[in-house]
Each structure stands twice: as C-alpha cells, then as structure tokens.
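Same order as they appear, the protein sequences are chains A and B. Sequence positions in the first sequence follow the working numbering and run 20 to 129. Sequence positions in the second sequence follow the working numbering and run 757 to 897.
Hints were generated in silico from the structure; no laboratory data involved. Among the hints, a few may not be true.
Subject to a maximum C-alpha distance of 25 angstroms in a straight line, what follows is the list of computed SDA-like cross-link-like pairs (lysine to any residue) [said to hold, decoys possible]:
#, chain 1, residue 1, chain 2, residue 2
1, B, LYS773, B, SER865
2, A, LYS86, A, ASN28
3, A, LYS86, B, PHE859
4, B, LYS787, A, GLN101
5, A, LYS49, A, THR121
6, B, LYS773, A, TYR51
7, B, LYS787, A, GLU38
8, A, LYS91, B, PHE859
9, B, LYS773, A, GLN103
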Amino acid sequence: MNLNLEKINEFSVLTIHDERIDAHNSAELKEYILQMIEGGESHIIIQLEHVRFIDSSGLGALLFGHKHMVAKSGQFALANIQQQVLSMFELTRLTRVFEIYTDISEVITN
Amino acid sequence: MCSSDIQVDVIVPTHTKYLDLIGSLGESVVKELENFSGDREALAYQLNLVLTEATANVIKHANDSNHKDTVRISIHLQDGLLNIKIYDHGQGFDLDSVPTPDFDHPEESGMGLFFIRSMMDAVTYTREGDCNVLEVIKYIN
Numbered sequence: 020m021n022l023n024l025e026k027i028n029e030f031s032v033l034t035i036h037d038e039r040i041d042a043h044n045s046a047e048l049k050e051y052i053l054q055m056i057e058g059g060e061s062h063i064i065i066q067l068e069h070v071r072f073i074d075s076s077g078l079g080a081l082l083f084g085h086k087h088m089v090a091k092s093g094q095f096a097l098a099n100i101q102q103q104v105l106s107m108f109e110l111t112r113l114t115r116v117f118e119i120y121t122d123i124s125e126v127i128t129n
Numbered sequence: 757m758c759s760s761d762i763q764v765d766v767i768v769p770t771h772t773k774y775l776d777l778i779g780s781l782g783e784s785v786v787k788e789l790e791n792f793s794g795d796r797e798a799l800a801y802q803l804n805l806v807l808t809e810a811t812a813n814v815i816k817h818a819n820d821s822n823h824k825d826t827v828r829i830s831i832h833l834q835d836g837l838l839n840i841k842i843y844d845h846g847q848g849f850d851l852d853s854v855p856t857p858d859f860d861h862p863e864e865s866g867m868g869l870f871f872i873r874s875m876m877d878a879v880t881y882t883r884e885g886d887c888n889v890l891e892v893i894k895y896i897n
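Okay, chain A solo, but in the shape it has when bound:
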C-alpha cells in the first residue's frame, strides 16, 4: 500500500496514495494504523484526497482505527474525502461516528 506519514504540529497525517481501499489492501491499512496507535500517536488524521473508491473492508479498517483511538482518548479524524467515497460514510451513517473535515487545514488550524 502506498502510504505517507507526515508530522504536522501534534498531528500525524497519514496520506493514502492508493486510489482504492478494498479487501486487497484494507488489512495492511488496519495494521499500519494499529502500529501508529500502539507507537503512541494520539492525534491521527487520515488524508483521503487520492482515494476514489472504498469498500466495506476499507470502512471497517478506518472504523477499527477510530475505535482503538477512542479507547485511548485520542483523536482520529478523516480529511479531504471525495464525494463518492463520502456517500459510503453517509449511507452507513458513519458520518455520525467519524470526525470528518473537508480540508486538512481545518483540523490543523483548529
């Protein structure tokens, strides 16, 4: 999976460069997020600008990260979600669960 981790202020910004998150790479994403959380990251932003497709396993991987971070009282946010991908969050009402920002700058400057 093509991932890039960047530290901006106290935020760990994980940019996903793959266009698809599906059952082929979602387990790898889940594992990467888990390593970040277990490594002590407490403010994680997943940057989804390049992702044009996500399936149920991809949503599951992000939900996994959210749940683990909430358990540690940390922050797990999603940013720059493309419209069709966002519609998956809306359909499953996960927009009520995740902290979602239109642009990453909204999180960092808050």
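Once you have looked at the hints, place chain B on chain A.
Relative to chain A, chain B alone:
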C-alpha cells in the same frame, strides 16, 4: 431506456488482487450506456462496489490458500435491465439470515451485503448445479 446491450463473462482466481479489475468492469459498463440520463459517476461507483463486494465475499469464503479456486462473474445488460451473476464453489449461505448492520453500534465487518442490497433492485442467492449463484438486478433508466 438504454439501448446498449452488453455481455461480459470473466473467470478469475480467488485472489483479492483481481478486485480492482472486476470492479472496473462495472465502471466500464456505465461508460457504454448510450441513453442513460442519471448520475453516471454514482452508478459507476455503485456497480464497482457491488462487483467488488460480491467477489470479495466469494474470495473470503473460498478457503483456498493456494488460490486454485475461481470465481466467475457474468454481466448482462439488455433493454435497460442489468443482470450480474457471481458464481462460487463454496458452502453457500442463507441470504435471508444476513442481518442489516446496526448503524447505532457499527461493526468493522458485515456491511458488504448491505451495500449490495442498497444499490441494486433485486438480490437472490441460489444453488445452480455445483455452484452457488448470487444474482443481482438493477433497472437502468
């Protein structure tokens, strides 16, 4: 009504690396629609997702670490009726017993069939010879 007629049959090994290919077939079908007046981007995403979810489900339950098993996908569009069949050789499952996800307490798995049901007009799962067939239908206007 769409005048395009399309028939696509694909057989791939039960490996997740083929999900991108299978999903993209759905997007290609939408590009071929001649008189579709709806939201093409949304329909392309829906067909990509339905094909991806259905194929991933077969792969997940193939119990075939050597990827020697195969999954067959058949896509047929005629007179505005899109019919997709996904054939598997697994043990099968009872479609009616698969619950709707609890959105108040979301789980990491169990959303795949919900997506298929949400986006298609009819979904059935039956036994045909030595295969199970997940058949999904969508009316494309």
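Right, here's what the structure says about each hint:
Distance restraint check for LYS773(B) and SER865(B): the Cα-Cα separation of roughly 20 angstroms lies within the 25 angstroms cut-off, and the hinted pair is therefore satisfied. The straight-line distance between the Cα atoms of LYS86(A) and ASN28(A) is roughly 23 angstroms, inside the 25 angstroms bound, and the hint therefore holds. With a C-alpha separation of about 14 angstroms, the suggested pairing of LYS86(A) with PHE859(B) holds against the 25 angstroms cut-off. About 20 angstroms separates the Cα atoms of LYS787(B) and GLN101(A), which keeps this hinted pair within 25 angstroms; it holds.
The straight-line distance between the Cα atoms of LYS49(A) and THR121(A) is roughly 23 angstroms, inside the 25 angstroms bound, and the hint therefore holds. With a CA separation close to 19 angstroms, the supplied pair LYS773(B) and TYR51(A) stays within the 25 angstroms bound. Between the alpha carbons of LYS787(B) and GLU38(A) the distance comes to roughly 19 angstroms, so the proposed pair stays at or under 25 angstroms and holds. Restraint check for LYS91(A) and PHE859(B): satisfied, since their Cα atoms lie roughly 22 angstroms apart, inside the 25 angstroms limit.
A hinted pair counts as satisfied when its Cα atoms are at most 25 angstroms apart, and LYS773(B) with GLN103(A) qualifies at roughly 22 angstroms.
Figure legend: structure checked against the earlier numbered hints; every hint is met.
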